[in-house]
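Here the structure of chain R is known, so what remains is to put chain H in place on it, guided by the hints.
The chain contents come next:
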Amino acid sequence: MKRVVTLYEQGDHSWRVVARDPMKAAYLIDTNEYVIESAGVAMITDPGGQEIFPAVFGSLSADFDSRKITSIFSSHQDPDVISSLALWLAFNPKLRCHASWLWSQFIPHFGGDGETILPLPDEGGPIQLGRITLQAVPAHYLHSSGNFHLYDPGARILFTGDVGAALLPASDPNLFVEDFDTHIRHAEGFHRRWMGSNEAKNDWCDRASRLEIDMLCPQHGALYRGQDVARFIEWFRSLKVGVTGKRR
Amino acid sequence: MRSSETQLERVVAVHEGAKSLLSDSHHVNLRALDATVRSLRGGTQLRGFAEVSAQMRQWSQELHSAVKQVTKLSAEQVNAVSAFEKHQRMLKLLALGGSEPAGARLLAQVLDSAGAQRRELELSLRKLQRQVRGLLEELQQLGLMACVLSTSALIEAATAGKESKDLTIVSKDFSERSQKVTENIRLMLASDRQASR
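Heads up: the protein sequence lines correspond to chains R and H, in order. Position 171 of the first sequence, counting from 1, maps to 170 under numbering that gives the first Met the number 0, and the rest follow consecutively. Position 67 of the second sequence, counting from 1, maps to 66 under numbering that gives the first Met the number 0, and the rest follow consecutively.
A hint or two may mislead.
[As the list claims (entries may be wrong)] Calculated lysine-lysine pairs in the DSS-like style (CA-CA distance at most 25 Å, straight line):
id, chain 1, residue 1, chain 2, residue 2
1, H, K67, R, K93
2, H, K171, R, K93
3, H, K71, R, K67
4, R, K23, H, K85
5, R, K67, H, K67
6, H, K85, R, K67
What the hints contain is simulated information worked out from the structure, not anything from laboratory work. Here the structure is a predicted model, which is why all the values come from computation and not from measurement.
One chain only, chain R, in its complex shape:
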């Protein structure tokens, strides 16, 4: 069973994480799903693959009324991100999915129809949720060619999809990064290989540095908070990406 932890709560505005699953099959990458709620309406980010849908949905519903979820934010098109779309639509056929315009004809291969995807332009932009306005922040080529992060200026939380992700050993149950230097070793190989462009990475680092961020929340592994947010951005800036393991 995945655990649901409230990351932020202020009145009717909240962030929850449906965090890593110790029961998950070893052949599936572990994922974090985030549920943002404002004024009784909620959005789930990167809801995961269809194989883990029961674990995500079951764990979330134990703590939260899933009927509040009216939209999905899909950082990109990968199966571990959005292949559960058909099952979410089986739960609520009216759900809409924000994703890069680039993937608006690709993601429906996982489910949905011509109305399901709300395409995001390359420059990103505001997404209204209840009483709050979230920002779709461009993160193209990190790692997907049409890639977005989601910033909540009220909660000062940035959801970063695969950026910041770490392939942690099953023995590491920490929700938050506890020791940056140890943690980042599990993120290094992933970022070198998955992130395709140094130019795009540096652009993103500049953009992220200008945001006020208390928590940086990736789709895999532990979450960064406090000083570790800036530490991560600087670490990422100095990392040479777009190379395989042997060609560093």
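Okay, now just chain H, sitting in the frame of chain R:
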């Protein structure tokens, strides 16, 4: 309730009802414990109220235990519905394919075996639905019992001498909770009946 609710929405509706009942059962348990202790201290005049509040406490524990079973079954229902929906989608897509004769023959075989799997999934889903229905009907009986107990509490409170005023407040709280619980169970049953159609 929308008539177009999906199976998972109905499972969630029952589960949300169960979460609310758990909170009610905790509330009544604590309130009834407090009332039992207070009335035991009050001597023979409050013996009747002590008995009723002890029964109210037992009722809250039975409610808690039945609701816990509902939440466990809800989790199993999520798994079963997900598997069923996944299978349905696969069957639907397979059925669309195979316009070319050789492909159609192959697909017919696959559809045959997938159809058998679907029947199995459907059976396990129906079994779970029956179990949930049984528990909800038990809960309905518990709801009725709570209404009877809270009425008894009001009667006992009226004859509780100088404690009467305070115990009437407690009894009214029991009564309001009982009505809330009964209404909640009615809604859960309505959601579940939709799901079984």
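Next item on the list: Against the structure, test the hints numbered earlier, and report the numbers of the ones violated in rising order.
Entry: 1, 2
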